[in-house]
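Engineer: Below are the chains, spelled out letter by letter.
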Amino acid sequence: MCLAIPGKILDTEEIAGIRVGRVQFGGVTRKAYLDYVPEAVVGDYVMVHVGFALSKVDQDEAARTYESMRVMGLLEAELGGAE
Amino acid sequence: MKFLDEYRDPKLAQTLVADIRRHVTRPWVLMEICGGQTHTLMRYGIDNLLPPEVELVHGPGCPVCVTPLEMIDKAVEIASRPDVIFVSYGDMLRVPGSARDLFQVKAAGGDVRIAYSPMDAVDLARKNPDRKVVFFAVGFETTAPPNAMAVWQAKREGLTNFSLLVSHVLVPPAIRLLLEQPRNRVQGFIAPGHVCTVMGYSEYEELAERYHVPFVVGGFEPLDLLEAIRMLVAQLEEGRFEVENQYVRSVTRVGNEAARQRMFEVFEIADRKWRGIGEIGQSGYRLREEYADFMPSACSTSRPRAPRSRRSASRRWSCRACKNPWIALCSALGARPTTRWARRWYRARARARRTIATGVTTSSRPHCRRLNHGHRTQYGMSLAAHLHRSRAARPRLRRQT
Numbered sequence: 001m002c003l004a005i006p007g008k009i010l011d012t013e014e015i016a017g018i019r020v021g022r023v024q025f026g027g028v029t030r031k032a033y034l035d036y037v038p039e040a041v042v043g044d045y046v047m048v049h050v051g052f053a054l055s056k057v058d059q060d061e062a063a064r065t066y067e068s069m070r071v072m073g074l075l076e077a078e079l080g081g082a083e
Numbered sequence: 001m002k003f004l005d006e007y008r009d010p011k012l013a014q015t016l017v018a019d020i021r022r023h024v025t026r027p028w029v030l031m032e033i034c035g036g037q038t039h040t041l042m043r044y045g046i047d048n049l050l051p052p053e054v055e056l057v058h059g060p061g062c063p064v065c066v067t068p069l070e071m072i073d074k075a076v077e078i079a080s081r082p083d084v085i086f087v088s089y090g091d092m093l094r095v096p097g098s099a100r101d102l103f104q105v106k107a108a109g110g111d112v113r114i115a116y117s118p119m120d121a122v123d124l125a126r127k128n129p130d131r132k133v134v135f136f137a138v139g140f141e142t143t144a145p146p147n148a149m150a151v152w153q154a155k156r157e158g159l160t161n162f163s164l165l166v167s168h169v170l171v172p173p174a175i176r177l178l179l180e181q182p183r184n185r186v187q188g189f190i191a192p193g194h195v196c197t198v199m200g201y202s203e204y205e206e207l208a209e210r211y212h213v214p215f216v217v218g219g220f221e222p223l224d225l226l227e228a229i230r231m232l233v234a235q236l237e238e239g240r241f242e243v244e245n246q247y248v249r250s251v252t253r254v255g256n257e258a259a260r261q262r263m264f265e266v267f268e269i270a271d272r273k274w275r276g277i278g279e280i281g282q283s284g285y286r287l288r289e290e291y292a293d294f295m296p297s298a299c300s301t302s303r304p305r306a307p308r309s310r311r312s313a314s315r316r317w318s319c320r321a322c323k324n325p326w327i328a329l330c331s332a333l334g335a336r337p338t339t340r341w342a343r344r345w346y347r348a349r350a351r352a353r354r355t356i357a358t359g360v361t362t363s364s365r366p367h368c369r370r371l372n373h374g375h376r377t378q379y380g381m382s383l384a385a386h387l388h389r390s391r392a393a394r395p396r397l398r399r400q401t
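For the record, the sequence lines run as chains L and X. The letter at position 62 of the first sequence is residue 62 when you use my numbering, and the numbering goes up by one with no holes. The letter at position 177 of the second sequence is residue 177 when you use my numbering, and the numbering goes up by one with no holes.
Okay, chain L solo, but in the shape it has when bound (with noise of 0.2 Å):
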C-alpha cells in the first residue's frame, strides 16, 4: 500500500488554500498536492503517494545510483571476460 509514483508536475495552482499540482505520470495525468513539498516546483519530480506528494525526486542523486548500476555492470562484462 505504502507505493509512491515518480511524475513530473506540469502547473501548479491553489484550491482551497493548498498547493495542488498537475503531474504527469507516464501517459496519466493527475492532481496532486504539494503542499510537503514546498520546494518543488513544475518540471520537477516528485514521488506521489495516495494524491501527495511526498518528496522531490533528487535527479543528481537517482543518476548516480543508476550509474554505479550500469559501471557495476561493465566490470562485470570485463571480469566475465577475463575469466
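Quick caveat, the hints were computed from the structure, so don't treat them as lab data. Heads up, some of the hints might be wrong.
Said to hold, decoys possible - Away from chain X, derived, C-beta distances all over 12 Å, residues of chain L:
| id | residue |
| --- | --- |
| 1 | Asp-11 |
| 2 | Ile-15 |
| 3 | Val-42 |
| 4 | Asp-60 |
Said to hold, decoys possible - In silico lysine to aspartate or glutamate, DMTMM-like type, Cα no more than 20 Å apart, as pairs:
| id | chain 1 | residue 1 | chain 2 | residue 2 |
| --- | --- | --- | --- | --- |
| 5 | L | Lys-8 | X | Asp-5 |
| 6 | X | Lys-106 | X | Glu-77 |
| 7 | X | Lys-273 | X | Asp-101 |
| 8 | X | Lys-2 | L | Asp-11 |
| 9 | X | Lys-2 | L | Glu-61 |
| 10 | X | Lys-155 | L | Glu-14 |
| 11 | X | Lys-127 | X | Asp-111 |
| 12 | X | Lys-2 | L | Asp-60 |
| 13 | X | Lys-155 | X | Asp-130 |
| 14 | L | Lys-31 | X | Asp-120 |
| 15 | X | Lys-11 | L | Glu-67 |
| 16 | X | Lys-2 | L | Glu-14 |
| 17 | X | Lys-155 | L | Asp-35 |
| 18 | L | Lys-8 | X | Glu-6 |
| 19 | X | Lys-2 | L | Glu-67 |
| 20 | L | Lys-31 | L | Glu-67 |
| 21 | L | Lys-31 | X | Asp-123 |
| 22 | X | Lys-155 | X | Asp-5 |
| 23 | L | Lys-31 | L | Glu-14 |
| 24 | X | Lys-2 | L | Asp-58 |
To be verified - Here's a subset of chain L near chain X, in silico, CB distances under 7 Å, partners left out:
| id | residue |
| --- | --- |
| 25 | Cys-2 |
| 26 | Leu-3 |
| 27 | Ala-4 |
| 28 | Pro-6 |
| 29 | Gly-43 |
| 30 | Met-47 |
| 31 | His-49 |
| 32 | Asp-58 |
| 33 | Tyr-66 |
| 34 | Glu-67 |
| 35 | Met-72 |
Note that CB positions come from ideal geometry on N, CA and C, so glycine has one too.
Based on these hints, arrange chain X on the given structure of chain L.
Structural biologist: Frame of chain L; chain X shown alone:
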C-alpha cells in the same frame, strides 16, 4: 516512465545477482519489511534468482493485513448506517471482519466508496453536508501525512460531517518486537523506502546500534531491491551493522520535515493491535485530543461485538499483495505454523526452494508423486489427490476430508 523503467533493466539485474553470488559465503536471513517490496520480489521472481545462501523472510509491513479484526468490525458497523458515506482505500474492502467485509456491506446497500486520496473524502463531505462522511485511515507512516492533511483541512473549513476511523501503525516498534525474540533468525533488514521518505532513517540507526543488525533503506523497483540485498550481504559478510541508504533519489536522513510536522499536529503515538501478531506498545497513531470531534461517534462508545465463532475470530488473513504477517513472524522465528493451510504454504515454499537449489522437482507427499499428482492447487491438494486418498481407504483421513 522516468525513474521507473530504468530500474527494471534485466541486464543490470543479472549483474547485481552475479555480484551477490560472488560475495556471499555463508547463509544469511534477510527481511524486507514493506509489503510493497514483497510484491515486487514476487512479481519479478527475485527470490528465485538469488543464491540459496540468501533467504528472504517477508515482513509484517502491510497495513491492509495487520488492521485488527475489531477495527474491520467497527468499519463494517459504521458503513452499515444509513446516514453514513463510508470512504476507504480499495484494498480494505475485501478484508474479512468477524461476520462481513465492506464489499458485502456495499452489496447490501451500504454507501461504501473507494477513494484514491483522503482529500476525495473531504470533497465528498463538502458536497454532502446532510450526510456523515467517515474515512477509513489505515496505513504506515507514509500514509499518515496525507490522512492528517485531510483532517486538518476539514477542521480549517469547519466541516462537521467529516470524521476519521484511524488505524495507523508504525514500522520500528514491530521490528523491535521481532529483534527482541530470542529465536529471531533475521540478520538484516531492507527498511521501507517510502516510510523513510517521511520519517528519515535515524530511528533505524538506533535499532542497528542496539541489536547489531544492518539496515539498508530500499526502493521498490527490482534493481532497487537487488542493490539493497547486495549492500546488506556486503555488510553482513564484512561484519558491519550500519544503516545505509540505497533509495537516495527519494530518502534523506531527516525525511520530510513538513509532512511530519502536520502529522504530529493531528496524530499522537498510541498502542495498537496488529492482526495476527497482537498488541504492540506505542506502535500506532490516534487523533489528538484537539481533533476529538473528528472521531466517528461509534468509535468512542461501541464495544467490539463478540465474534460469531472462534474460527472467524482466529481467522488469519493476508491480502494478495503480500504474505501474512503471522506467517512472516513464524518464519522469522523459525517456528512451525500450526494451522493446516499455513503448514501447506510453508511446505510449498520449502519445496520451491529445494527445486531451485537442486533443479529436481520434488513433492512433499510421496503418494502424490507416485500418481504424478505433484502439482497441487494453491489451496491444498488437487482433486485427483483427494480422490486417491479416499480410494486408499484410510478412514481417519477420509473423515477429515
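Engineer: Determine for every hint whether it applies to the structure shown.
Structural biologist: Results of checking the hints against the structure:
No Cβ of chain X comes within 12 Å of the Cβ of Asp-11 (chain L); the nearest lies about 18 Å off, and the non-interface call holds. With a minimum CB-CB distance of about 9 Å to chain X, Ile-15 (chain L) fails to clear the 12 Å threshold, and the non-interface call is violated. With a cut of 12 Å on Cβ distances, Val-42 (chain L) stays outside the contact zone with chain X, its closest approach being about 16 Å. The non-interface label for Asp-60 (chain L) is inconsistent with chain X: the shortest C-beta to C-beta separation is roughly 9 Å, within 12 Å.
Distance check on the hinted pair: Lys-8 (chain L) and Asp-5 (chain X) sit about 15 Å apart at the alpha-carbon level, within 20 Å; holds. Restraint check for Lys-106 (chain X) and Glu-77 (chain X): the C-alpha separation of about 12 Å stays at or below 20 Å, so the hint holds. For the hint linking Lys-273 (chain X) to Asp-101 (chain X), the alpha-carbon distance of about 19 Å falls within 20 Å, and the restraint holds. Between Lys-2 (chain X) and Asp-11 (chain L) the CA atoms are separated by roughly 18 Å; this keeps the pair inside 20 Å, and the hint holds.
Distance check on the hinted pair: Lys-2 (chain X) and Glu-61 (chain L) sit about 14 Å apart at the alpha-carbon level, within 20 Å; holds. Taken as a hint, the Lys-155 (chain X) and Glu-14 (chain L) pair is honoured in the structure, with Cα atoms around 18 Å apart against an allowance of 20 Å. Distance hint between Lys-127 (chain X) and Asp-111 (chain X) is fulfilled; the C-alpha atoms sit about 15 Å from each other, no more than 20 Å. Proximity of Lys-2 (chain X) to Asp-60 (chain L) is assessed by CA-CA distance (about 13 Å); at most 20 Å being required, the pair is judged to hold.
Restraint check: the Cα-Cα separation between Lys-155 (chain X) and Asp-130 (chain X) comes to about 17 Å, which is no more than 20 Å; the hinted pair holds. The suggested pairing of Lys-31 (chain L) with Asp-120 (chain X) holds, with an alpha-carbon distance near 11 Å, which does not exceed 20 Å. In summary, the hint linking Lys-11 (chain X) to Glu-67 (chain L) is supported, as the alpha carbons are separated by about 14 Å, within the 20 Å threshold. Note on Lys-2 (chain X) and Glu-14 (chain L): the hinted pairing is violated, with a Cα-Cα distance of about 27 Å set against a maximum of 20 Å.
A threshold of 20 Å between alpha carbons decides the hint, and for Lys-155 (chain X) with Asp-35 (chain L) the separation of about 17 Å falls inside it, so the pair holds. Taking the CA atoms of Lys-8 (chain L) and Glu-6 (chain X), the gap is about 16 Å. The hint holds against a cut of 20 Å. A threshold of 20 Å between alpha carbons decides the hint, and for Lys-2 (chain X) with Glu-67 (chain L) the separation of about 15 Å falls inside it, so the pair holds. Restraint check for Lys-31 (chain L) and Glu-67 (chain L): the C-alpha separation of about 31 Å exceeds 20 Å, so the hint is violated.
Annotation: proposed proximity of Lys-31 (chain L) to Asp-123 (chain X) holds, straight-line Cα distance about 14 Å (limit 20 Å). Taken as a hint, the Lys-155 (chain X) and Asp-5 (chain X) pair is broken in the structure, with Cα atoms around 40 Å apart against an allowance of 20 Å. Taken as a hint, the Lys-31 (chain L) and Glu-14 (chain L) pair is honoured in the structure, with Cα atoms around 11 Å apart against an allowance of 20 Å. Between Lys-2 (chain X) and Asp-58 (chain L) the alpha-carbon distance is near 13 Å, which keeps this suggested pair within the 20 Å criterion.
Satisfaction of the interface hint for Cys-2 (chain L) is found here, the shortest Cβ-Cβ separation to chain X being roughly 4 Å, below the 7 Å cut-off. Using the Cβ-Cβ criterion of 7 Å, the hint placing Leu-3 (chain L) at the interface with chain X is satisfied: the shortest such distance is roughly 5 Å. The interface hint given for Ala-4 (chain L) holds, since its Cβ lies 5 Å from the closest Cβ of chain X, which is under the 7 Å cut-off. Proximity of Pro-6 (chain L) to chain X holds as hinted, the smallest CB-CB distance being about 4 Å (cut-off 7 Å).
Taken as an interface hint, Gly-43 (chain L) does not check out: its beta carbon lies about 12 Å from the nearest beta carbon of chain X, beyond 7 Å. Taking 7 Å as the C-beta cut-off, the interface hint given for Met-47 (chain L) holds, the closest approach to chain X being about 5 Å. With a cut of 7 Å, the hint placing His-49 (chain L) at the interface with chain X holds, because the nearest CB-to-CB distance is about 6 Å. For Asp-58 (chain L), the suggested interface contact is upheld, since its CB lies about 5 Å from the closest CB of chain X, less than 7 Å.
Checking Tyr-66 (chain L) against chain X by beta carbon gives a least distance of about 6 Å; that is within 7 Å, so the hint holds. Because the beta carbon of Glu-67 (chain L) sits about 11 Å from the nearest beta carbon in chain X, more than 7 Å, this interface hint is broken. Because the beta carbon of Met-72 (chain L) sits about 6 Å from the nearest beta carbon in chain X, less than 7 Å, this interface hint is met.
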